[in-house]
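**Student:** Generate coordinates for the entire structure from the input sequences, incorporating the hints supplied.
The listed protein sequences correspond, in order, to chains H and W. The first sequence begins at 1 in the working numbering and counts up by one. The second sequence begins at 359 in the working numbering and counts up by one.
No lab work stands behind these hints, which were simulated from the structure alone. None of the values given here were measured: they were computed from a predicted structure. All C-beta atoms, glycine included, are put in the ideal place defined by N, C-alpha and C. Worth double-checking, as some hints may not be accurate.
[Said to hold, decoys possible] Covered stretches of chain W (chain H as the covering partner; in silico rule of three or more C-beta atoms under 8 Å from a C-beta of chain H):
#, segment
1, 365-377
2, 445-452
[Stated by the list, open to error] Here are the simulated lysine-lysine pairs, DSBU-like style, with alpha carbons at most 35 Å apart:
#, chain 1, residue 1, chain 2, residue 2
3, H, LYS311, W, LYS450
4, H, LYS328, H, LYS143
5, H, LYS189, H, LYS143
6, W, LYS450, H, LYS143
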Amino acid sequence: MAGAAKGGRDIVAYFAGHLAHLVNGDDDPNPGSEIMIRPFQLFERVHRALVGNRRYADNLVGLWAYPPPGDADDAADFYFDQVLDRPIAARRGEPTSVDHLAALVATLAFAEGQSAGAAKAALSTWKALIGWPERRRRLVEAKDVFELSNRILKCLDAANRPYAEVLRLGLCPREWLVGDAAVGVNTLKAANAFIKALKATMNDDLGRRPTEPELNRAFAAAAVPGSATAQEFVRTPLGAAAIARIAGRDQTYVVSFDAISETLVDQLVEDEEAEPLMSGAEAASHLDGAVAGGAIAPAERELLSALMDGKSLADALSANPFLRRRVKTEFGGDVSAFVEDLAGRAARFAAAAGMGRP
Amino acid sequence: MAELLDARETRRFLRSLRVATQTALAGYDLSRSRAAEGGASFLALAAKGPGEFRFPEAGIVSSDGLLRATLERDAAGGAVLTLQAEGATGLKAYAARGARLRLGLGLDFDSSFDRNGTLRLGLDRDETHAANFSRFDLELLGPSR
Numbered sequence: 001m002a003g004a005a006k007g008g009r010d011i012v013a014y015f016a017g018h019l020a021h022l023v024n025g026d027d028d029p030n031p032g033s034e035i036m037i038r039p040f041q042l043f044e045r046v047h048r049a050l051v052g053n054r055r056y057a058d059n060l061v062g063l064w065a066y067p068p069p070g071d072a073d074d075a076a077d078f079y080f081d082q083v084l085d086r087p088i089a090a091r092r093g094e095p096t097s098v099d100h101l102a103a104l105v106a107t108l109a110f111a112e113g114q115s116a117g118a119a120k121a122a123l124s125t126w127k128a129l130i131g132w133p134e135r136r137r138r139l140v141e142a143k144d145v146f147e148l149s150n151r152i153l154k155c156l157d158a159a160n161r162p163y164a165e166v167l168r169l170g171l172c173p174r175e176w177l178v179g180d181a182a183v184g185v186n187t188l189k190a191a192n193a194f195i196k197a198l199k200a201t202m203n204d205d206l207g208r209r210p211t212e213p214e215l216n217r218a219f220a221a222a223a224v225p226g227s228a229t230a231q232e233f234v235r236t237p238l239g240a241a242a243i244a245r246i247a248g249r250d251q252t253y254v255v256s257f258d259a260i261s262e263t264l265v266d267q268l269v270e271d272e273e274a275e276p277l278m279s280g281a282e283a284a285s286h287l288d289g290a291v292a293g294g295a296i297a298p299a300e301r302e303l304l305s306a307l308m309d310g311k312s313l314a315d316a317l318s319a320n321p322f323l324r325r326r327v328k329t330e331f332g333g334d335v336s337a338f339v340e341d342l343a344g345r346a347a348r349f350a351a352a353a354g355m356g357r358p
Numbered sequence: 359m360a361e362l363l364d365a366r367e368t369r370r371f372l373r374s375l376r377v378a379t380q381t382a383l384a385g386y387d388l389s390r391s392r393a394a395e396g397g398a399s400f401l402a403l404a405a406k407g408p409g410e411f412r413f414p415e416a417g418i419v420s421s422d423g424l425l426r427a428t429l430e431r432d433a434a435g436g437a438v439l440t441l442q443a444e445g446a447t448g449l450k451a452y453a454a455r456g457a458r459l460r461l462g463l464g465l466d467f468d469s470s471f472d473r474n475g476t477l478r479l480g481l482d483r484d485e486t487h488a489a490n491f492s493r494f495d496l497e498l499l500g501p502s503r
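**Tutor:** Encoded structure:
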């Protein structure tokens, strides 16, 4: 069984960006001011991407977690149904992230037609994107595409969570999200927290069954609701499967835990739904702080600022020979690896400097 | 100066940074794949192993996800490599197009997809041995003649 490849960091945000570009017709070599969004063609593009893009296959779909022969088409179909087309229910009768997405997409449609927003049933991300007339206005400004991407991402951060939590346990989502063995997202999160604690208790010495004291210490640190003791959890089907992953010689779990963890946001902050994205100028104090703290170079600050202002990555890089040389010499020409590394450094610095205050 | 920033603004910055960089990357990759139209590459995910490379029974999907390559070996040691365009998008991109396949050093073959998006390439024993099926490339040449 192949392990998950590296490069999973923020694959959900990348997928949201990819979807935003596809919904905006940006894959057309000669895009006009109007586009036609045909649901089946869009589905096919998305499906093909989930099958053919290795980063998606490894870190989003988790093809490695499916039992042999591991059919990529079936796994992509299941991911589509369970994540993209998963209804996002309203809480307390308030608009959800998918309602906000539907409202934005509705403003792009030229004619009155099928109204996704008027549907009684809970919308999915997919239905919010396609449930409108096919003829639409194309977003020309990059900042508008960012906002579309932002709203898709808010949906995906929630809808992708159960699927990713199963992968994080090294298990196959098809076996734990549907049918009699289906497990809720809160139990999955708790199981992952328990496994994380167990992994630390075992000093990462995996490939063996944990001892009773190790199980007890881990459960004391991270209990799983519904089970009174570690032994009780281990006797549940989910607990038994998760422990089997740790104890087995198959290293899927070891590979999957950190890679998939990086795709998950720690918390969803619903009350900041309406906050607009920052421009490069607004972000200046954060970026300057990262330069002053030695987390990023001045030239990298300029690149991030340009990207936040909506400049294309190709244009921003072409304006900066220092960074082009760096991409070539330090990242083997891999622009994605460089940008992810850079964004990661800036984000870690800002999080350490700015979080924790009221 | 960073200490003056509150947690809410920091979360907003982090989200903006996440969206801007990943959306820009996705757009960059999309424009590169547009520029690369006119070809595709095939890379077997598990090409390396203790033994000789074995072509997966399920085939290999191309980098653009629009073609599936399968290999049928015959008793004489030769093989037929079949590339099949998948879906409406695959057909639109590949049906009735001329193509050049590069299977290894000096192993270039000109052929064409039929109107069903199928390209079949017969290889004799020597060519099968010299070909590198774990990674090969396809270049589109134009409408088939």
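**Student:** With a cut-off of 35 Å on the C-alpha distance, tell me whether H:LYS328 and H:LYS143 pass.
**Tutor:** Holds - the C-alpha atoms of H:LYS143 and H:LYS328 are around 28 Å apart, at most 35 Å.
**Student:** Would you check the hint for W:LYS450 and H:LYS143, treating anything up to 35 Å between C-alpha atoms as holding?
**Tutor:** Roughly 32 Å between the alpha carbons, so the hint for W:LYS450 and H:LYS143 holds.
**Student:** Using a Cβ cutoff of 8 Å, are there at least 3 residues of the segment 445-452 of chain W near chain H, or does the coverage claim fail?
**Tutor:** holds (count 4)
**Student:** H:LYS311 and W:LYS450: Cα distance at most 35 Å?
**Tutor:** 31 Å, holds
**Student:** Tell me whether the statement that chain H covers the segment 365-377 of chain W is true, taking a Cβ distance below 8 Å and needing three residues at minimum.
**Tutor:** Holds: 13 residues of the segment 365-377 of chain W have a Cβ under 8 Å from chain H.
**Student:** Would you mind confirming whether the straight-line C-alpha gap from H:LYS189 to H:LYS143 stays at or under 35 Å?
**Tutor:** Roughly 34 Å between the alpha carbons, so the hint for H:LYS189 and H:LYS143 holds.
Of the hints listed earlier, there is not a single one the structure fails to meet.
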